[in-house]
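Residues per chain, in single letters:
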Amino acid sequence: MQKAPGSLSEILGNENISQNYYALSFKVNLLPIPKPGQFYQIRCSDSNDPLLRRPFSFHRLVQNGTTHHLEILYRVIGKGTEWLSKKKKGEVLDLLGPFGNGFVNEEGMEPLVLVARGIGIAPLYGFAEEALRKDKRRKILILIGARLKERILYEKECRKLGRVFTYTDDGSQGFHGRAPELLCHLLKNGKLADKFSLYACGPAAMLKELAEITKRLNIPGQVALQDHFGCGFGACLSCACPLKPDSIKRDPSWQKPALQWSEDRSRAYSLICKDGPVFDLQEIDWEEWLA
Amino acid sequence: MPAAGTFGYGSEYASFLDLNRLGAIIVKTLTLRPRMGSFPHRSTETSSGWLASIGLQNVGMERFIEEKLPFFETIGTSLIVSLGGETIEEYVELAHRVNREKRIDAIELNVSCPNVKKGGMHFGTDPEIMKVLVPAVRQATDKILIIKLSPMVPDIRVFAEISQQSGADAISLINSPVGLAIDIEKTRSKLGRNITGGLAGPAIKPLALYLVWQVYKAVDIPVIGVGGISSAEDAIEFFIAGASAIQIGTYQFIDPTVTLNVLEGIEVYLRRKRIDRLSSLIGSLEG
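Line order of the protein sequences matches chains A and B. Take the first sequence: its letters are residues 1 to 291, numbered as in our numbering. Take the second sequence: its letters are residues 1001 to 1287, numbered as in our numbering.
Looking at chain B on its own, in the form it has when it is part of the complex (with noise of 0.2 angstroms):
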């Protein structure tokens, strides 16, 4: 499925490839209100990493439910909305609304993002606020209920069983580790004002598998590897890793139909190696 955050609200891609081939779509972190995001001057390319500062624009709730949504009733693939809240109230509140919408089938809980001053990562790599939180929300709905973890912790296993033990139905990670790139020219940020962003792309993809891995030992819950992944191979090695599904990322702004390429790769992998399920697969890291 694709990545929060890179697959716009769907339809943006809807020329490049049938949406209903996806196993889920995930869309643009939503928050209350309406937010304009980061400064201008938001990304920044590095070796094999996108830097981007996006602050979580996104047109709002109440505009996504008007405007966005009808375009799901015309394609069949599940809908994940990922949820952004400045305090605990709002993630709730949040999570209330998305429960009367028939269309959306889960909630991807962004508690990590990096790019906002308030809630986001704040959130996300403190458990106290984690053991509140994710409570809370899991009272508010009865969607299947996704966290999304930040890798900006120095255990993110606590991270994962607080999230397992308060009701969430799956955990996803990683999301983007903070990153910083410097004009030295300018001696500026090369994302101006913005000053650091969140990183993605290939670059981060040992640092996600290795995340995975032990969150995958540390809970019974499934896990949804994603950070870096642009091949069937990286999909696979998620997998092994112990991830019962893939999201892909940045690597759709290069090749927007990744993910069905991804998605053949991976049956010719399964016929070669005479695998008949997936889910053997999945976990099978020896050693």
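Chain A on its own, in the form it takes in the complex (with noise of 0.2 angstroms):
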């Protein structure tokens, strides 16, 4: 029997770092080592209410000399998270994972650029790190953005991977307006050229039209995606995804798609647990995601 991909870790912190985001630290001597894009089902209850285990990204690693620690980024939202953001250095956290598959990157795209609203920053800003690690000359664009300028986060991190551009919906700071507009104006002012690789993660909407512009580019890009999951390990089939059949493509490092087709082969469901949270922007049938 392979050894169960969970446990218990001790946190190291638990720092509210602006309005209700938090940033929890734990260690992880006996858990792989999980990849930006990948996921944990933590437990965030000590009783049934909350319930089920609520999905956080993988933030970043953090090592210092031989010993390393695992960092999430959340947004208190519900009775989970407000749990959650009670936990103090020295407790214990209950954790499953890593779960699902993490982003590539896709090289000779270069600048990688990285899309953003709000608490979607938390798997981009790894995956920059991670990055800028194997090659520190990588090129690194960031549009983070938010509703309004207090909600914008991890705008001074995000300076010292690479270029950051900020977007809000009432222009209080930065461009204003949404992310995929940002983009049109970086490209339309020659910011931006119009070969570089996209990685985004946010709400739905602002995904699909990043789908159209990397499509219309014939741009490679990559999103990791959310929705509600029972257990995050491919058991329950609660979170499915629509893909387009004639539009999968599929990272040789991600899981076979365990894809669940229509009778007339049509339309296809894989499961964002296991054959996500990061698929590839144009497997994504957003018109009937967004539905």
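One thing to keep in mind: the hints can contain errors.
Unchecked claim - Computed footprint of chain A on chain B, listed as stretches where at least three residues anywhere in the stretch have a Cβ under 8 angstroms from a Cβ of chain A:
hint : stretch
1    : 1025-1034
2    : 1038-1050
3    : 1190-1204
4    : 1213-1220
5    : 1251-1258
Claimed, not checked - In silico SDA-like pairs for lysine to any residue, Cα to Cα no more than 20 angstroms straight-line:
hint : chain 1 : residue 1 : chain 2 : residue 2
6    : B       : Lys1117   : A       : Glu263
7    : A       : Lys256    : B       : Pro1034
8    : A       : Lys134    : A       : Asp251
9    : A       : Lys86     : A       : Ile17
10   : B       : Lys1190   : A       : Ser262
11   : A       : Lys79     : B       : Ala1014
12   : B       : Lys1118   : A       : Ser262
13   : A       : Lys79     : B       : Lys1190
14   : B       : Lys1186   : A       : Asn48
15   : B       : Lys1068   : A       : Pro257
16   : A       : Lys256    : B       : Phe1071
17   : A       : Lys79     : B       : Glu1185
18   : B       : Lys1190   : A       : Leu290
19   : B       : Lys1186   : A       : Leu290
20   : B       : Lys1068   : A       : Glu288
21   : B       : Lys1205   : A       : Asp49
22   : B       : Lys1190   : A       : Lys86
23   : A       : Lys208    : B       : Ser1011
24   : A       : Lys256    : B       : Arg1063
25   : B       : Lys1186   : A       : Ser262
26   : B       : Lys1190   : A       : Pro257
27   : B       : Lys1117   : A       : Ser262
28   : B       : Lys1186   : A       : Glu287
29   : B       : Lys1186   : A       : Asp251
30   : B       : Lys1190   : A       : Glu288
31   : B       : Lys1186   : A       : Asp227
32   : A       : Lys256    : B       : Lys1190
33   : B       : Lys1186   : A       : Ala205
34   : B       : Lys1068   : A       : Gln260
35   : A       : Lys244    : B       : Ile1282
36   : B       : Lys1205   : A       : Asp227
37   : B       : Lys1205   : A       : Asn48
38   : B       : Lys1190   : A       : Pro203
39   : B       : Lys1186   : A       : Glu263
40   : A       : Lys79     : B       : Leu1207
Worth flagging that the hints you see were computed from the coordinates, not collected in a lab. Glycine residues also receive a C-beta, built at the ideal position from the N, C-alpha and C atoms.
Put the two chains together into one complex, using the hints given.
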């Protein structure tokens, strides 16, 4: 029997970084080192309410000499994350994972353009750090934004990794508009050449527009998707994600998808937890996902 | 044993626990043809509950036999397949097919799925259909036949009695009651286009326990209790109410090894109460 992918881990810190955003770090002696884009299923309860584990993207790996620890970023949005925000250093975290596929670095497609909204920066930041660890000359552009400037997360940290452009819905900071509009603006003004690779995490409507832009430019794009999970490890089948059967593009490092086809093979569902959460932007049937 | 629809096809849990230690494994409900299941955005959490509409997504009987069944040759655990049909004929055909597979020990007839348009709960809540369906499946197979009942009926004992008279070997209950959760900002169901789902998890335990007790008193065949079990204490309640065996569903998502923890907890309880055999606990509710 292989070892169970889970454990109790010691919390090293749980810091309120701004507004209702938190950074939680924990020890990982016995766990496989996750890839950016993968996620953990964390128990956020001492009782049956809240009941299910909550999925959190692996945010970053921090190395101190020979030891290392992991961090997740989260926003308090409900009972589970509220409970988690009260956990203190030295307490124990009950987690399963890491699960799913991670982002894949598109070699030769410079720069790496990361597009996040709000907490969506969590997996992308770790991805950028990893890319720079492998090759510190990698060119990275980061688009981060939110509804208003107070919600923009991690701006200072992102500036350490690459060039940062901010956007807000209300225009209170940076570009006045949404991420896809900012991306088009940068292309139009020559701040970005039309050859790059894109990595995104955020609301579905934003991702759909990014899929359209990358398709038009014929450049590769990847996305980390989210949904309510029952289990997180492929048993409950609740996180069905509609794929376009003629656009399925799988990196060799990703799990072979357990696709469930329609009888006429015109439609297919995959599971976000096992076949994702990172997908190629063109794989997903966004109309169906947003319906 | 793990409940149908919460344990995939078994191998999903192989990295978490030694599957040989389970009493039996019930795999995700199988239909004649593969099914895509419900629309995306299939589940949400409610107070101590998991509301979900999976809609019997499954690989279909033939692919199960070809691709999933060989895994069970690597373990010794009893294998129960859950069957779902859109017509009586489909149920019968599935039972015939299962009958040819030596590795399969028993059938759990899913006549109570809350999330399909044809068959499912519509069969299990109609006594006249049950009177035709259960004998027809009984004729088609000599495997152990378990009927899984829906709680969405005025008197569940009627369905238990029909199952017994039709030659079923056991009854399992409950399948999920139907539920709804609404996003008040969007005035839309939290399950999107699926609208309704089946409610599972600790929230349904008192209902399941009550119905197990009702059915235990009404029939002589064994009753398998399922619904909201998360601990040995929960399981023991079901034995006292009349269950001869129990299934655990949703809680395995939270603790994939809960089945083994419950087994250990039951042993501790029996030792503490100086009870030699679990069977003396079954149906021991006083009053």
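Which of the listed hints are not met by the structure? 4, 10, 11, 14, 20, 22, 23, 25, 26, 29, 32, 35, 36, 39, 40
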